[in-house]
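Engineer: Construct the complete structure from the given sequences, taking the supplied hints into account.
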Amino acid sequence: MELLSALSLGELALSFSRVPLFPVFDLSYFIVSILYLKYEPGAVELARRHPVASWLCAMLHCFGSYILADLLLGEPLIDYFSNNSSVLLASAVWYLIFFCPLDLFYKCVCFLPVKLIFVAMKEVVRVRKIAVGIHHAHHHYHHGWFVMIATGWVKGSGVALMSNFEQLLRGVWKPEANEILHMSFPTKASLYGAILFTLQQTRWLPVSKASLIFIFTMFMVSCKVFLTATHSHSSPFDVLEGYICPVLFGTALAGDHHHDNHGGAHGGAHGGSGPGSPHAAMAAKSKEELSEGSRKKKTKKAD
Amino acid sequence: MELLSALSLGELALSFSRVPLFPVFDLSYFIVSILYLKYEPGAVELARRHPVASWLCAMLHCFGSYILADLLLGEPLIDYFSNNSSVLLASAVWYLIFFCPLDLFYKCVCFLPVKLIFVAMKEVVRVRKIAVGIHHAHHHYHHGWFVMIATGWVKGSGVALMSNFEQLLRGVWKPEANEILHMSFPTKASLYGAILFTLQQTRWLPVSKASLIFIFTMFMVSCKVFLTATHSHSSPFDVLEGYICPVLFGTALAGDHHHDNHGGAHGGAHGGSGPGSPHAAMAAKSKEELSEGSRKKKTKKAD
Amino acid sequence: MELLSALSLGELALSFSRVPLFPVFDLSYFIVSILYLKYEPGAVELARRHPVASWLCAMLHCFGSYILADLLLGEPLIDYFSNNSSVLLASAVWYLIFFCPLDLFYKCVCFLPVKLIFVAMKEVVRVRKIAVGIHHAHHHYHHGWFVMIATGWVKGSGVALMSNFEQLLRGVWKPEANEILHMSFPTKASLYGAILFTLQQTRWLPVSKASLIFIFTMFMVSCKVFLTATHSHSSPFDVLEGYICPVLFGTALAGDHHHDNHGGAHGGAHGGSGPGSPHAAMAAKSKEELSEGSRKKKTKKAD
Numbered sequence: 390m391e392l393l394s395a396l397s398l399g400e401l402a403l404s405f406s407r408v409p410l411f412p413v414f415d416l417s418y419f420i421v422s423i424l425y426l427k428y429e430p431g432a433v434e435l436a437r438r439h440p441v442a443s444w445l446c447a448m449l450h451c452f453g454s455y456i457l458a459d460l461l462l463g464e465p466l467i468d469y470f471s472n473n474s475s476v477l478l479a480s481a482v483w484y485l486i487f488f489c490p491l492d493l494f495y496k497c498v499c500f501l502p503v504k505l506i507f508v509a510m511k512e513v514v515r516v517r518k519i520a521v522g523i524h525h526a527h528h529h530y531h532h533g534w535f536v537m538i539a540t541g542w543v544k545g546s547g548v549a550l551m552s553n554f555e556q557l558l559r560g561v562w563k564p565e566a567n568e569i570l571h572m573s574f575p576t577k578a579s580l581y582g583a584i585l586f587t588l589q590q591t592r593w594l595p596v597s598k599a600s601l602i603f604i605f606t607m608f609m610v611s612c613k614v615f616l617t618a619t620h621s622h623s624s625p626f627d628v629l630e631g632y633i634c635p636v637l638f639g640t641a642l643a644g645d646h647h648h649d650n651h652g653g654a655h656g657g658a659h660g661g662s663g664p665g666s667p668h669a670a671m672a673a674k675s676k677e678e679l680s681e682g683s684r685k686k687k688t689k690k691a692d
Numbered sequence: 390m391e392l393l394s395a396l397s398l399g400e401l402a403l404s405f406s407r408v409p410l411f412p413v414f415d416l417s418y419f420i421v422s423i424l425y426l427k428y429e430p431g432a433v434e435l436a437r438r439h440p441v442a443s444w445l446c447a448m449l450h451c452f453g454s455y456i457l458a459d460l461l462l463g464e465p466l467i468d469y470f471s472n473n474s475s476v477l478l479a480s481a482v483w484y485l486i487f488f489c490p491l492d493l494f495y496k497c498v499c500f501l502p503v504k505l506i507f508v509a510m511k512e513v514v515r516v517r518k519i520a521v522g523i524h525h526a527h528h529h530y531h532h533g534w535f536v537m538i539a540t541g542w543v544k545g546s547g548v549a550l551m552s553n554f555e556q557l558l559r560g561v562w563k564p565e566a567n568e569i570l571h572m573s574f575p576t577k578a579s580l581y582g583a584i585l586f587t588l589q590q591t592r593w594l595p596v597s598k599a600s601l602i603f604i605f606t607m608f609m610v611s612c613k614v615f616l617t618a619t620h621s622h623s624s625p626f627d628v629l630e631g632y633i634c635p636v637l638f639g640t641a642l643a644g645d646h647h648h649d650n651h652g653g654a655h656g657g658a659h660g661g662s663g664p665g666s667p668h669a670a671m672a673a674k675s676k677e678e679l680s681e682g683s684r685k686k687k688t689k690k691a692d
Numbered sequence: 390m391e392l393l394s395a396l397s398l399g400e401l402a403l404s405f406s407r408v409p410l411f412p413v414f415d416l417s418y419f420i421v422s423i424l425y426l427k428y429e430p431g432a433v434e435l436a437r438r439h440p441v442a443s444w445l446c447a448m449l450h451c452f453g454s455y456i457l458a459d460l461l462l463g464e465p466l467i468d469y470f471s472n473n474s475s476v477l478l479a480s481a482v483w484y485l486i487f488f489c490p491l492d493l494f495y496k497c498v499c500f501l502p503v504k505l506i507f508v509a510m511k512e513v514v515r516v517r518k519i520a521v522g523i524h525h526a527h528h529h530y531h532h533g534w535f536v537m538i539a540t541g542w543v544k545g546s547g548v549a550l551m552s553n554f555e556q557l558l559r560g561v562w563k564p565e566a567n568e569i570l571h572m573s574f575p576t577k578a579s580l581y582g583a584i585l586f587t588l589q590q591t592r593w594l595p596v597s598k599a600s601l602i603f604i605f606t607m608f609m610v611s612c613k614v615f616l617t618a619t620h621s622h623s624s625p626f627d628v629l630e631g632y633i634c635p636v637l638f639g640t641a642l643a644g645d646h647h648h649d650n651h652g653g654a655h656g657g658a659h660g661g662s663g664p665g666s667p668h669a670a671m672a673a674k675s676k677e678e679l680s681e682g683s684r685k686k687k688t689k690k691a692d
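Residue numbers (the numbering used here), protein chains in the order written: chain A, 390 to 692; chain B, 390 to 692; chain C, 390 to 692.
Hints are computed from structural coordinates only; laboratory data are not their basis. Hints are not guaranteed to be accurate.
[Said to hold, decoys possible] Calculated pairs, DSS-like style, for lysine-lysine (alpha carbon to alpha carbon, straight line, at most 30 Å):
1) LYS504(B) - LYS577(B)
2) LYS577(A) - LYS563(C)
3) LYS577(C) - LYS563(C)
4) LYS598(A) - LYS577(A)
5) LYS577(A) - LYS563(A)
6) LYS504(B) - LYS563(A)
7) LYS504(C) - LYS598(C)
8) LYS577(A) - LYS613(A)
9) LYS613(B) - LYS598(B)
10) LYS577(C) - LYS504(C)
11) LYS598(C) - LYS613(C)
12) LYS598(C) - LYS563(B)
13) LYS563(A) - LYS504(A)
14) LYS504(B) - LYS598(B)
15) LYS563(A) - LYS577(B)
16) LYS504(C) - LYS563(A)
17) LYS598(A) - LYS613(A)
18) LYS563(B) - LYS563(C)
Structural biologist: The following block contains the structure:
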């Protein structure tokens with residue numbers, strides 16, 4: 390009985406891992422990615438005034454993961470742009486989301502139930518990208534653990550890891566925050582996923598790749614759909630990290646480093662704040678919440 | 390009769406497309422490029438205080454197009470620097486323009502009639518670079534339309550597309566403006582030219598490459614010489630774009646996006662201003678409309 | 390007699406150039422590099438709050454030279470990360486320096502006599518890297534003088550040349566200063582060393598590579614140990630440059646360029662100041678001279 394279920398799970402996973410991504414899943418990936426671009430402040434204004442820049446940003450949102458992976462592995466940065474069909478599909482989505490009359494397309498895909506489906510399908514693509522990226526890196530570096538993890542990570546995180554430069558393209562520059570300082574859930578999950586797939590690829594994780602893809606996809610889909618439905622920015626890893634980080638990295642004595650804190654304040658965010666203040670939290674929230682006014686206050690305070 | 394003229398045009402174009410660029414045309418390219426570097430505020434001061442940084446900037450101005458194209462196509466970034474003669478020639482030009490006693494060289498090449506000749510010859514090099522770049526990209530990606538266009542574009546635009554980082558090398562950082570947000574005439578022309586040459590390369594444009602090079606060179610030379618002679622910053626494409634852009638990209642309803650505008654203000658330009666200010670609009674309009682004077686006023690205001 | 394000593398020197402140099410770098414010398418390289426990271430303001434705070442970002446910075450400090458050289462020569466950026474043992478060793482050093490209980494490890498390696506030994510060994514690695522880098526570049530470009538010099542330079546300077554982006558990773562952004570504008574002694578020495586090794590490689594310098602490595606290593610070790618022991622930031626090249634630079638680059642007439650200075654002010658550092666202020670000079674001096682306090686004042690003024 391159990392054997393059977395195991396079998397069926399294995400077969401299910403195998404057939405699932407063979408579902409072609411193009412065009413349906415890729416389409417959802419493009420839609421969700423460009424939706425997030427449209428959510429960015431000033432993105433609509435940008436699209437109307439500087440369509441070329443907006444289109445380039447949209448392409449980075451859709452294909453950033455390939456660009457970064459190609460950069461790491463020394464392949465042509467625009468290699469993926471030779472897939473005309475994908476680029477044309479992404480461009481069509483970009484045009485519809487930004488310039489469709491009456492914002493019809495945007496309103497449709499923003500309708501929560503529809504959006505959740507697209508979000509779920511995007512996670513399917515993300516997990517598959519991680520797996521493919523690690524397989525590709527393993528092909529180049531058979532024992533390059535770090536290479537595999539890095540490649541899988543950038544394949545999963547995509548534009549997030551180059552957000553500073555994607556913003557620069559739009560004329561925005563926020564050096565005090567980047568995705569590595571304040572990892573979002575997908576970035577963290579991609580990192581952990583990359584580690585898992587690397588272990589699997591190097592035979593340390595005794596499961597088939599298909600099963601791992603299936604299980605990790607289920608995990609990502611459920612998490613991301615839940616987070617999107619509840620408009621939550623928390624991450625299921627917080628609890629775990631709350632236990633592990635203090636043990637691993639919390640051993641430094643705050644007392645020792647007051648000077649450093651201040652240094653960090655001057656160098657970092659906007660000069661940050663005094664000792665003892667929950668600085669990381671503030672910094673993390675700053676992007677979403679701080680009004681320009683309060684930011685100026687912070688700067689003054691730092692002076 | 391007409392046949393004859395057609396023939397002669399074809400032959401003229403063919404022989405024109407075979408004129409060697411090195412050294413005379415390349416020399417003009419270097420002279421004009423480094424002239425524009427010297428026009429940059431603080432460039433002379435930089436050359437005296439930090440000659441290495443100034444030399445590197447000059448090299449970027451002369452060879453930026455090769456560096457960018459190599460980056461896109463995954464070739465060694467400094468591949469072109471193995472042409473010692475070109476690099477030495479560019480270095481000599483850099484030295485003469487910045488350090489020639491009494492600024493003699495600078496004054497000579499700045500003399501308008503002389504300068505116009507150099508500007509004209511620079512455009513000849515630009516067009517040839519676009520054609521070569523697209524031919525090169527086509528060799529790697531036979532059906533990579535976007536790859537070809539991108540390669541031709543960067544080969545034509547050169548340092549302009551990496552101006553932010555060229556400025557950073559000089560200790561200047563202006564995130565609110567980049568060449569893709571505010572395209573200058575050469576950048577736009579290179580983009581359109583890259584599209585034309587890509588169409589020609591893929592047999593969609595029924596003209597010989599030599600003729601296209603000839604015609605497009607004539608267009609670029611006449612435009613650029615006229616613009617330089619009249620110190621004008623307008624572009625012949627403005628009229629065309631004035632008709633097309635509203636049709637293609639003007640459909641978004643301004644009303645929808647007031648919030649976005651402010652968002653843009655916060656993200657963009659000067660780190661934004663209090664809510665309610667029409668800042669994003671200003672930022673967007675700045676380059677087209679603001680005179681240097683009013684820009685200074687803005688800077689003061691921001692101080 | 391002299392012949393003998395020459396012989397013995399040659400043999401000594403040869404055997405010295407064959408000393409394996411891994412693990413002892415590499416270990417010292419990692420320790421000193423990550424020590425400098427810990428000296429950065431806010432680095433300790435960063436390590437506690439954002440270990441991933443801190444680890445990435447540490448890796449850049451240890452392997453930045455390989456990343457830059459790979460970028461220039463068009464090889465995979467993370468090629469060197471396939472050396473698991475090196476990466477693990479560097480990670481262990483990073484962990485011990487930042488998270489060792491009671492900062493024991495840090496206090497030990499900071500003990501001046503110990504530190505001086507590590508600093509000396511780091512210079513051994515630096516010189517070897519320059520030599521290897523130039524040999525590698527020469528293998529690709531037999532007559533590419535500039536390619537060889539550039540490769541040797543980045544191999545010797547390492548993370549310093551990408552400090553702006555290493556800071557960005559930590560959420561710090563200081564566009565007004567970069568290593569090329571204000572070269573530190575190691576960066577300058579690497580540049581001069583790269584030139585020497587290039588001359589040797591191309592048979593213009595009639596010495597054996599082993600001897601050059603030996604002599605240049607002795608020079609670097611003695612200089613760096615002296616500078617570290619005396620906490621001095623001056624450089625032995627200052628005198629030489631004091632003589633050469635005015636002759637080569639000092640010929641520009643200050644009078645001509647007042648306008649440029651102001652321009653520089655507008656472009657540079659803090660988005661500039663009112664006309665008439667000697668801002669360009671300030672910008673140039675800022676790094677060396679401005680105390681944190683006066684910098685704060687400037688920031689206020691900018692608000």
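Engineer: For each hint, tell me whether it holds in the structure or not.
Structural biologist: How the hints compare with the structure:
The hinted pair formed by LYS504(B) and LYS577(B) meets the criterion: a straight-line CA distance of about 22 Å does not exceed 30 Å. Straight-line distance between C-alpha atoms of LYS577(A) and LYS563(C) comes to about 28 Å, which keeps the hinted pair within the 30 Å bound. The straight-line distance between the Cα atoms of LYS577(C) and LYS563(C) is roughly 21 Å, inside the 30 Å bound, and the hint therefore holds. Of the supplied pair hints, the one linking LYS598(A) and LYS577(A) holds, its CA atoms being roughly 20 Å apart against a limit of 30 Å.
Only pairs whose Cα atoms come within 30 Å are accepted, and LYS577(A) paired with LYS563(A) is accepted, the gap being roughly 21 Å. Taking the CA atoms of LYS504(B) and LYS563(A), the gap is about 40 Å. The hint is violated against a cut of 30 Å. Distance hint between LYS504(C) and LYS598(C) is fulfilled; the C-alpha atoms sit about 29 Å from each other, no more than 30 Å. Between the alpha carbons of LYS577(A) and LYS613(A) the distance comes to roughly 12 Å, so the proposed pair stays at or under 30 Å and holds.
Taken as a hint, the LYS613(B) and LYS598(B) pair is honoured in the structure, with Cα atoms around 22 Å apart against an allowance of 30 Å. The hinted pair formed by LYS577(C) and LYS504(C) meets the criterion: a straight-line CA distance of about 22 Å does not exceed 30 Å. Our distance criterion of 30 Å between C-alpha atoms is met by LYS598(C) and LYS613(C), whose separation comes to about 22 Å. The hinted pair formed by LYS598(C) and LYS563(B) fails the criterion: a straight-line CA distance of about 45 Å is larger than 30 Å.
About 29 Å separates the Cα atoms of LYS563(A) and LYS504(A), which keeps this hinted pair within 30 Å; it holds. Taken as a hint, the LYS504(B) and LYS598(B) pair is honoured in the structure, with Cα atoms around 29 Å apart against an allowance of 30 Å. A distance of roughly 28 Å separates the Cα atoms of LYS563(A) and LYS577(B); the hinted pair therefore holds under the 30 Å criterion. For the proposed pair LYS504(C) and LYS563(A), the alpha carbon gap of about 37 Å is over 30 Å, so the pair is violated.
A threshold of 30 Å between alpha carbons decides the hint, and for LYS598(A) with LYS613(A) the separation of about 22 Å falls inside it, so the pair holds. For the suggested pair LYS563(B) and LYS563(C), the alpha carbons sit about 12 Å apart, so the restraint of at most 30 Å is met.
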